[in-house]
Amino acid sequence: MKDNHLSSKLKNNLFYLWEDFKWPLIAAAVVLFVAVYSLAAAFGKKETVISVMLIDCHADASPEKMESDFLTFLDCDPGKQQAEFTTSLLFSDTDSGSYTMTSLSRFLADIGSEKLDICGMREEDFIKYDNSETWMDLSHLLSADTLSALEASLLRKDGRVIGIYADALPAMAEYGCYGDGSDRGVLGVIYNAPHRSAAAGYFDFALGDA
Amino acid sequence: MAFGRKKDDREKEQYLALTPKTFLLYLVIILFCIVVISPLVIVFSSSLRSPDNQTSPLALFIEFTFASYKRAFSNMNYPMELLNSIMTTGGSVLLIVIFSTMAAYPIGRIKTKLARFLYFFFISGLIIPSQMVIVPIAQTLNRLGIPNTRFTPMIMFVTCSLPFSVFLFSGFMKGVPVEIEESAFIDGASLGKRFWTVVFPLLQPAIISCVITQGLWIWNDYFYPMVFISKKAQYSLPVGMLQFLGDKENPAQWNVLFAACVLCALPLIIVFLALQKQFVNGIAAGAVKG
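Chains V and C are the protein sequences, given in the same order. At position 50 of the first sequence the residue is numbered 50 (the working numbering), and the sequence of numbers has no breaks. At position 133 of the second sequence the residue is numbered 1133 (the working numbering), and the sequence of numbers has no breaks.
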């Protein structure tokens, strides 16, 4: 009898709690779900070995294919490690101003949050964005052998080697990047790139040293 | 009774009489309707063509095929993107309503300098374009170790919506009679209970306005998902739709793009049709009360 009374009281209390506070309870559940999801994503996150952004590249290959090829080149475990390739951003080759603005925001946000290692874009844009020395001097990063192999395809500015023309990299041709014959594409390493050795490795990969 | 009917008829005749003034008014209304409806008709008509049909979009309904829909559906990974859009929009709108009503409650009720300062503090958020602060925000999220998941844009949606929503709710809160709350207080209701059971239901018209305006914006936005999401599996509908926009090398696939637009708008149209009565009632009530 007493048990019945207690359980009905509990039921009533739960009923009133739900009736009075259902919206804050639902909101708390949503916040909790997002927090748990984000925590799980943070702990189960794969290690990023490199982040590459190819702007205005018109690639024929998918970012997944590029990732898989590079991870195989580095002999990485795709279950634990990942390479981020972004190929859908456009600066010059779209008439949509808001898309250009969004692409630029993504580019700047990735640099600001120290995520981006290598970025490719049209030569004119590439030189324009070096005004604040966005690109690292590749002579400090690449080996002498690589530099000499690419001697004719290096983009220099103020005595620094800031980029490599994409048409000198066989991998870019294989993926169909920057192959339309208009303004040439250039690849460079961001000044605050977090994975510098992998970035150097990417140029070896792109040169076809695999 | 007979006199009344005559009066009604007379009013009807007066109402329907085509004077130059009413003719001009009808003309303006019809032109306005054409301007508003014609892009939608063109979009729908083009979406029903095959992807390679390059005929002028002004030639309406010359072909009826779902080939463009099929291509849009398969290339976009529609079910996953729809789920992402629903989760992001639903979750964000819910949090916006809860947080902004809770913030607006003291701002609208308490008449102190601090409350006034808080009001202007929230309002000041309206004058800062979020695109301007995206870089420091991305830096902060990265330093906090918040990973880029399908829910990361929600943080931005909620924070960017708060200024407008608090402004909306605090204005509306002033119209809610304080006497109702006082009678609940006399009946022994706590602060939380007074807010959730007395004030919150009375804010329904403002809540509906907020849900419609902010929900539409979040559903259609591709800026934050594009900045914070890298993986295709986490894209929302508008981001998935962008692949058909084309560029200088690969021109836009207009028919597929229009089919994708219809697929993107379809869930919203269904929701609006299902909740039309509540939306219209809410807005009408808001027009009188607000």
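Some hints could be false.
Said to hold, decoys possible - Below, simulated DMTMM-like cross-link-like pairs (lysine to aspartate or glutamate); rule was C-alpha separation at most 25 Å, straight line:
| id | chain 1 | residue 1 | chain 2 | residue 2 |
| --- | --- | --- | --- | --- |
| 1 | C | LYS1193 | V | GLU67 |
| 2 | V | LYS65 | V | ASP158 |
| 3 | C | LYS1231 | V | GLU64 |
| 4 | C | LYS1231 | V | GLU67 |
Calculated directly from the structure, the hints in this document are not laboratory data.
Legend entry - Index of numbered hints that the structure contradicts, given in increasing order: The structure conflicts with hints 1 and 2, although it agrees with all the remaining ones.
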